[in-house]
Structure formats: C-alpha cells, structure tokens
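**Student:** Residues per chain, in single letters:
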Amino acid sequence: MSLTTESRSDQAGREMNLVTAVNATLRQEMQRDESVRLMGYDIGPIGGVYRATQGLLEEFGEERVIDTPLSENGILGTAVGMAMRDCRIVPEIQFMGFFYPAFGQFMYTLVKMYERSGGNLEVPMTVRMPYSGGIKSSEYHSESTETYLVHTPGVRVVVPSTPYETKGLLAASIRSDDPVFFLEPKKIYREGKEPVPEEEYTLPLDEARYVRRGEDVTVYTYGAMTRHAKAAADSVDADVEIVDLRTLSPLDVETILESVKKTGRAVVLHEARRTLGMGAEVSALINEYALDRLKAPVKRATGFDVHFPGHQTEHAYLPDEQRATDAIQAVMDYEF
Amino acid sequence: MSQWQEQRPSEEFYRVLDPDGNVVGEVPDVDEETLTRMYRTMVTSREFDEKALRMQRRGEVSIVARATGEEAVSCGSAAALEEGDWCFPSYRQTPAALYWGADMARAVAGMMGAEPETVDEHLPVEEEPPVSFTPVYVPLAVNVTNAVGSAMVDRFRDNDAVTMSYIGDGSTSQGDFHEALNFAGVFDAPAVTVCQNNQWAISVPAHRQTAAETFAQKAVAHGVPYDRVDGNDVLAVYAKAKEHCERARNGEGAGYIEAVTYRMVEHNTADEESVYRDADEREYWEDKDPIDRLETFLLRTGVLEEGDPERIREEVRDEIQDAVDEAREVPVSDPETMFEHHLHEESGGSWAQEHQRQELRAERNGENPFTDFTGEGLE
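Line by line, the protein sequences give chains A and B. If you read the first sequence in the numbering used here, its first letter stands for residue 1, the second for the next number, and so on. If you read the second sequence in the numbering used here, its first letter stands for residue 337, the second for the next number, and so on.
Looking at chain B on its own, in the form it has when it is part of the complex (with noise of 0.2 Å):
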C-alpha cells in the first residue's frame, strides 16, 4: 500500500511557549482570568470531542469531525476578539464558540439532526454570545468570502468591529479563499482570517496542496500583512491574533495568520487514517499537545494549582453531560420543517410549495398524494 511520505512543516514561526511550556518568547498580556478561561474552553472542546465520538459510536450523532490536537488554534484567536465582533467558523472551530459561551445542548441537538427551527423553539437562545458567530459553514473556504462582506460593512459604516473567520490548509486551494483576501486588501476590509494548518486535508498532505512554501505567504500576492505561528502554542496564536484585530480595529485594514498544528485524529468519522498515515507521527505531535502545554506554564506560574486541572475535567464533564441530557430531550423535528425558512411570504408565497408540503402531509397520513387532478389541493 503506497501512502504519501509526511513532511514536518517548518518550525520558523512565533512561539512564546515551547512544547515543553518553557517561555521562549515573550508572553502577551493577558489576565489570570483570561488565561484560565483559554484552557478550560480547550478541555472542554476535547472532553467535549470525545463525548461526541461516543455518540457517534452509539448511532446518535451521523457524523463528527474533531478537534482534538487543534484547540490553541480557534481558541488563541478567538480570545482576541471583543464584544460586537464577528465570526464565521467551519467545522473544526469548536473552542472559538465555546470560548464565547456558545450553548452545547444546542450545538448537540444540531449534531443529533434536529432542525434549526427545532432547536430555537426547544433551546431556545437566552443570551446571545457577545460574539456574534454564523452557523458552522461545511463547504470549503465560501465562509472566508462572506467574512470578507461582513468586514466591509464595518469599514463602509466606520465600526471598530473585527471579523474573523477559520479556513484549512487544504482550503487555501479554493478559489473563494484568494477572492475573499483580494476583496479584504482592496477594501481595507477589517477581516483576520485564521489557516488553521492541521497538516492534512482528508488523506491529501500539505505539500500536496501548493508548491509554496508556506501558507501564510499566500497573503502575499493580496496585499494583507500576514504571520505565521506555532498552532499548539495558544498564547503565540492569542498574541499574533490580537495585533491583527487591533490593526483592523483602527481601520488599518485585514490580516491572515497562518497557525501550524497537526490533526491529531481523522479528519472525521467517516474516514480512516490508518490508511495514508504514520502512526510515529502522531506520537511525534503528541509530545506538542497544546493543552498539556498551556497546563504546565499555568500551573508552573501559579495561575493553576496542584488539582486545579483535574477538578477542572471533572467540571466540564459533568457539563458536557447535562448539554447532552438536555440535548436529548429535544424532540425529533417534524418534517414539515423541511419547508420552513426558503422564502419570506410577505413578499409573495409559493404554491408549489405549499402543494408539496400537502403531498408530505397526505403521504405521512397513510393517503394518497397525487390525487389532484385539478390543482386546487389535496384538502
């Protein structure tokens, strides 16, 4: 079986903690506060990863895609955003939403199938995030173009709001991601858009995906200050984020950071590594854990003590647990929902439509749906 030969990235990029957790550059400035908030947002995303691999293996959920290994990345980032800012993740983002206080039973009955209409009127949203975020996008790089419109309102209405938005190595590919950057350099537009370089896209490795020789140099050719950074180091992540939201917050326009780290896990459940990848280098990007990282310089500098990481995993544990338990109350949607929410009827309704949701219904009742002859209903 021939595989692709994996080629470690280059280790030239900001770190401020090494993976050891010793400093190695210099820390930003960031509160106690701040600081515990960072690592518990990246245990719960892994408690919270593992939980939902769980349910898939029970059939609850159809799919997961983790982010396990990756968490310093959105959560770094994410960190630098402020009250009033926007974000358009995709799939692998879940610290970035949960650090903003993002509702798990919610984004559990999403993973479970329910409709958003159902979710809405079951868990209903009591406090929306000060983040604003979008629904996660599943195609690749079109929430980068959109992120980029979002940005321009904010410059054309003078707002100091950021937006930000996460793109994968392999997405960089696509052509949304250039015309998103090319759009966010003309326009000044105040737009951070975060690689997150995990190494893999599916069973296809980064040197597969361009000859260039690194991704943040692809924000070359569109005129946007870019960095490079350690992925699993979150305070080289947090600290290179908020130079770039703080350059856009003062109207000195986007930013691109390319955040090296490594998918620790298969790209998601319905794939299988074992077929294109070496084990050894997992183990090697084990030893880089970016949670374990955080762990020993908080708990050396006293922000954590002894227990502390513990107590910590039991706590979001148990509430991981209680999402999912509200989770599954939520009953399955019905399926006339499948209707909702494609055109407003204020501006004029559909009959096609409305006929179609008869034949569901007739169908669902145990009749027979194609028994209009004359166009004026089944009823």
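Isolated chain A, as found in the complex (with noise of 0.2 Å):
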C-alpha cells in the first residue's frame, strides 16, 4: 500500500498523533515478531521522555523493553551485538544530539557489519531518534544533522512527516534486514491526528511521495517542515508540487528529477544546516541530470550553518512558511 496523495480523509482507522502512532507501531511489531526488542534511557517505567514507548515495559516485561544504562555508545554497541544473534533492536535515543557519543559503534560497526562479513551478519537494527527544533528546549535537543548519517553508506535514513508516514514507515524499518535511523520530528508528534487503520501496512523505504501535484515549482522536503511547505504553496500564485522525500538515504533520484523536470523549478525546504544538507544533494542531482529543463536556479530555504540557537532566538533560525514562500517567490519570479 502506497500513499502517493495528500488526502486520507476516506482512510478509516484509529485517530492518533506521530507520537501514538509511534506507540502503536511498536506494540504492533513486538506482538508480531517477537525477536523484536526495544532498548534505550529512560524508556521503562517512564515510557521515554516523549511517552513514546508508554505501556510497553508493562505489557512485554523487561527483556523486550530494556531500560539501559546512561551509555549511548553502550546502547548501540550491545543493539548491534544483538542484532547479530538475531534480535530485531529497536534503540531509542533520547535526542538526536545525544547520539554523537554513539558515533564509534555507528561506524565502525552498525554500518560496516554487514558489509564486512560480505553479507554473513546483519544488523537489522531500527535507531528511533526525537529530531529537530521549535520545541524550546535547551542545547543539544533540537539538532538536525541528519547529513552525517546520510553520508555514511549501509544505513537507511527515514522521516516521517504524518502519523499514517509514521506507522508505514515504522513497521517497515522494523521489518528491514539493514540498519534504519528512523527520525522522528518532535515538534510535531502531536500537533493534528489523522485515521490511522488498526491493520498492519508498510510503506516502502525508497520512494519519495507526492504531497501534492502541481505544474510550476517542486517544493523538496520532508519532516516537520512538510506541514511549512503545505502553507506555503497556500499563499503563492503558483501551482507548487510538493515531494516529501521521507526516505533520505536511499534518496529517491527519480521521483526528484521526474518532479522537476515537469515543473522546471525547484526548491528544497529542510531544518538542517544548508552546507552539505539534503539540499546541496538535491541540488546538485538536479544540476547534474536536469539542467536543461530548469527554469530558475534551485534555491535552498534551510536553517543556518551555525550551531541550533538559544530558544529566544531558534524562531529566527527555523524556516518557516515565510522562508518557504520567499523562497518560492524568488524561484517563481527569476528569468534567464
């Protein structure tokens, strides 16, 4: 089942938020299979800072919910060494930018086992990381540096930008013999619900969605920022297509130049840092392989190359609709 189209206002199913959905898709995948396991800080009694594993640890018992050690290293070197003894591991941390402590066991062997062993080991392994900003909160829990593990060959890198993304997504990782890093943009884990059916489905973890159509100038994104490019193609004379690029690594190549080789026009909305982010990948994809059909150069509405600001300030680093529509406007307006 692949959701290519924004509307799911005819899908029946539960009403749930990212982070319910979140909660579900765990419960539904450690009933279904249960080498799945969930380890990681605080996610026991607590249910993790964001109540995304709530009742697991009282439903499964403390061997399939692992409450750990404070050790993000430790985390992901033991998931690894599970996931080796086929475990299906589901680490969660905290934030996104307590993992650099992790970056060791990342690559020297969460990425390279597989690849090492010429196929013998696998690391089925799904990193659940609370990304992004706009929450207010303090330093180091707001970071998007999604690029140093896109970079890094033998790991998925999968966002979701809706609760219904989020189940198909989820389930999907889970069920996958590679490493994912399954992102998830906290800003909006509950901002707005949607049915999300009760049956178990996944969405596939190289393909890119259309949001929605339009003829004139693709708008490239994904995350918290799906919902920014939503309003900005609202407030624009333009028809805007919108591609949610939701898996980032595999990057789907050919839904980004089939896109902008029909609208001629393009722009890339994303939270992270411009240098090296999403958008120089997309950009230069596109410079490579659609040059002739562009009609404006390819702009990038990003967050800065600075480190993620104080909270009284991140609004000014975030971008926002405004970002995005200047950003639009700029591409929309340009002549050669």
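The set of hints was computed from the structure by calculation and includes no laboratory data. A portion of the hints provided could be inaccurate.
[Said to hold, decoys possible] Every beta carbon over 10 Å from chain A, so not counted as near; a handful from chain B, in silico: (1) Thr372; (2) Lys387; (3) Met447; (4) Val668.
[What the hints assert, rightly or not] Calculated cross-link-like contacts (lysine to aspartate or glutamate; reagent style DMTMM-like; alpha-carbon spacing at most 25 Å): (5) A:Lys262 x B:Asp614; (6) A:Lys262 x B:Glu712; (7) B:Lys624 x B:Asp614.
A virtual CB, placed ideally from N, CA and C, is assigned to each residue, including glycine.
Please dock the two separately framed chains into a single complex, following the hints provided.
**Tutor:** Pasting the structure below:
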C-alpha cells in the first residue's frame, strides 16, 4: 500500500497523532515478532521522555523493553551485538543531539558489519531518535544533523511527516534487514491527528511521495517542514508540487528528477544547516541530470550554518512558511 | 633519542607452569588430546606468523600483526569455550580461531586483500566451526561492546552459551571497553572479556596507558569478577577462563581476565619497534616463551615424546603451505564487489549505488562515465 497523495480523509482508522502512531506501531511489531526488542534510556516505567514507549514495559516485560544505563555508545554497541544474534532491536536515542557519543559504534560496527562480513552477518536494527527544533528546549535537544547519517553507506535514514506515514514507515523499518535510523520530528509529535488504519501496512523505504501535484515549481522537503511547504503552497500565486523525500537515504532520485523535469523550478526546504545538507544533494542531482529543464536556479530554504541557537532565537533559525514562500516566489520570479 | 622506560609487570598473578615448565600451581583437568591440540595450535600460529611475515616481505600481503609470543592468551582462553559459544576477536587472536578449526586458506586470502564475497565464492565454508567467530575487528574495543550485546541475547533467551571477546592493554583506555563491562555487569551477561596485556600499544607502554596498578582491577568499577593470570602460561589462562565461562554459563554473569604477556615482535609490519624498545627486554621475555614452556611440560609428562615437536612443526608447515597455495589460486576480486552488501535490495534499492556501479563499469571499459545528463543511466 503506497501513499502518493496528501488526502487520507477517506481512510478509516483510529485517530492518532505522530507519537501515538509510534507507540502503536512498536506495540504491533512486538506482538507480531517476538525477536523485536526495544532498548534505551528512560524507556521503561516512564515510557520515554516523549512517552513513545508508554505501556510497553508493562505489556512485554523488562527483557523486551530494556531500560539501559545512560550510555548511547553502550546502547548502540550492545544493540549491534544483539542484532547480529537474530534479534530485531529498536534502540531509542533520547535526542539526536545525544547521538554523538555513539558515533564510534555507528561508524565502526553498525553500518559496516553486513558489508565487512560479505553479507554473512546482518544487523537488523531501527534506531529511533526524536530530532529537530521548534520545541524551545535546551542545548543539543534540537539538532538536525541527519547529514552525518546520510553521508554514510550501509544505513537507511527515514523521516516521517504524518501519523499515517509514521506507522507504515516504522513497521517497514523494523521489518527491514538493514540498519535504519528513524528520525521523529518531535515538533509535530502531537500536532494534529489523522485516522490511522488498525490493520498492518508498510510503506516503501526507497520512495518519495507526492504530497500534492503542481505544474510550476517543486518543493522538496521532509519531516516537520512539510507543513510549512503546504502552507506556503497555499499562499503563493503558483501551482506548487510538494515532494516529501521521506527516505533521505537511499534517496529516490527518480521521483526527484521526474518532478523537476516537469515543473522546471525547485526549492529544497529543510531545518538542517545548509552546507552539505539534503538541499546540496538534491540541488546537485538536478544540476547533473536536469539542468536543461530548469527555468530558474535551485534555491535552498534551510537553517543556517550555525549551532542551533537558544530558544529565544530559534524561530529566526528555523525555516517557516514565510521563508518557504520567499524561496518559492524568488524562483517563480527569476528569468534567465 | 629518548625512549619510554619499560617497566616489567608485577608477577602477582595466577600461574600453573613457571617459565621453565615446572608445575607450580594446580594443573587444570585437561585431557591429553586437548593439551596436544593447544600445543599444536600455538605452534601453528607461530609458523603461520612467520609465513605471513615472509609473504608481507614479498609484497603478497600488505600488513601483518603477529601473535608471536602471545599465543597462550587466546589459545588458552578459547579452549575454554564450547560448541555454540561466540567469539569476537581483535587482530592478535589467530590461535583462538585456529584452535576452533578456522579455515587457514580463507584467512590467507583475506590477508591478501580478497573481498569477503570472493573468498566465499572460491573457498566456501565446508563446515562452520562449532564456536562462531565474527570477522576480526580492527577498530579498538568496539568488539567488546558488541560481544556483550551477543551475551545479553543468550541471557534473555536462557541459553547457556558464552560470548568471549578480546581487548589489548591500550584498548582498555577506550570508552567502549568500559561501556561494555558496565552493561555486562548490569545485565549479568554471560560475557567473558580477555585483556591481552602485551605491555605495548604500538609505541606506548602499559604504564603510560593507566595509573591503575593492574589492568585487572579495571573490572572492579563495573562489578565484574576478574582474575589476573600469567599470559605466557597456557594452563593458567585456560584454568581461569574455564572458571569464568562456567560461571557465566550457569547464569552467574560476566567475567574479566587480564593475561600478562609480552609483544615479542613489532606491533605490525608498518611499525619500527627499534625506535622505542630495548632489545634486552625482549631477551628477558624470550625466556618466558609460552610454546617452550608447554612443550617442556608435555615432554616431561609424556604427553609428547621426543621427536614429536619437530614432527608437529613439519606437519603444520605443510598445512600452512597448502593453505597459502590454495589462497593464491583465488582470483583477484571484481572491483564491482565494492558495491555489494551495503543495503538489502528487497527493502528498497539505491539509485545512487546502481548509477555509480555503472560509472565504474564504464570507466573500466575505457568509456567516459560522465555522459548521463538525464539521470536515465549510461546504457
């Protein structure tokens, strides 16, 4: 079941927000496959700082919901060993900004074990990390440094933007035999509900989705920024197409090129810093493979190349509807 | 030229055989077959190291890190494992793998730079060793953390398997080591960690690695039971490893062993030990050679007879030569194997990888790989 348009209003199901969809999907996957185990810090009695694992310790016990010592590298490193032994591990890193101590295990073992063993050792694992800003939190709680992950072979990087997407992508990630980083845009954890089917379904881990179709300009985005792309699309005098990348690695290059070849104009909208962010990659792909179809240069509406600022100024860092609108307007107004 | 002063480690450790092969402790309960297998494994490893060094000198393999002089640590500890156990080695544990029947030709082909896919295709595994070995880890200490994860699985599943892993003295300075032991302690994981303390981490001596009195006591902070043994005494290593494995197997949690030995050769063939080491110190340690020590004991007790050591040496040299000959027959890896085994295609493929594979192919065919201006591919 692949979702290619925005509207899910015809969809029957239980009303859920993004974080309840995470919770429901974890429960569903743990029920259907007993090799699925969760591990992380604070995920037990409290159910995680965002309550994503609420109720699961009670239901599945402490050997399947493993509340660990405070050690991101220890979590990732032991999770790799468990995954090598036929467990499907779903570690939670409390915030993306706490991931850096685990970078050693990430680079040395998690992304490399399958390749270095010639395919003989698999590391099926879905690392969940709440990420990105807009929640007025403290230092290292609002990071969008997905580029570090995307730059690395041997790992999938997935970002949902709606509750429906969350369930389908998270289930597919847990069932994948690859390591997956599942980045949860925490700003929209509880912003808005939609009906999510009770039955099991998965969404593909290598396809972007069209949020809406348009003829004049394509906005490429993902995560919490998708809502700003939609608002901007409603406010500009142009027929805007929105592509939710949703799997940052591997990237769905075919859909990216298909869209820009039709519209001839492109804006990439993301919270991450601009330099070497997803915008750089999408822009480079368009330059290499669709240059002669362009009616304007590609623009990147992004965060700035700074450390994520304090919460009094984070609104000025974060792209919003206005920044998205300005970028779209600029490429619409441009003439060669 | 300034050098670090070498400091001889304390000999306050568990020992069964003294350097002259005299029994000074309780000989563990080991049958003659196992004793012979230990001896043969250590001899094989020593000869394998010599062969690998010659191959490196001829340019057939790029770099070699030998286990020479340290054979008793990994041989004695691995001998304490049983069928169904797991082992996460670092790069100086050739004897552990050889003890459990690792295929030498496959190891040589790997050293010669063959991709794992090529090795699998041309030297398929006929029978998996009864103990599962992961590929050798090169980054320091990360194997220990993975090993504890493996052990946690057995703990959760109520298996009586043990996971053993190895670390050097220098690697105990890494966070991964402490994170691993902490998890092992907290989760009562059946993980036995062996610290192969060979006194040197490349050019940095053990006393520059830690201010702790011993490497063994690093386990105290993690609540993991530990021992310190004479690492050149294979029976001592075996005895303590057996105790820790049994305890772990019985659900009593993790164990840790510091095995005191000496790196009698360079760190690896890219190293120049004469710059930082004292030749006299090597002579001191040569008198403690673990193979000589066990050989003396086995000849005295009649497990080996006169002439057996020479015969065994000849046999293993022939085995090694056969393995090298076999490995030399493995064809050079197809460069396109570099694209394999990054992601499973059935979970969704990578456009970039497929495109770059085409580019490499074009480049190798003498074509220009930069001619795709539509994203539809080169062909």
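**Student:** Next, verify each hint and record whether it holds.
**Tutor:** Hint check results:
no.	hint	verdict
1	Thr372	holds (31 Å)
2	Lys387	holds (24 Å)
3	Met447	holds (14 Å)
4	Val668	holds (16 Å)
5	A:Lys262 x B:Asp614	violated (72 Å)
6	A:Lys262 x B:Glu712	holds (15 Å)
7	B:Lys624 x B:Asp614	holds (17 Å)
Figure legend: structure checked against the earlier numbered hints; the only hint not met is number 5.
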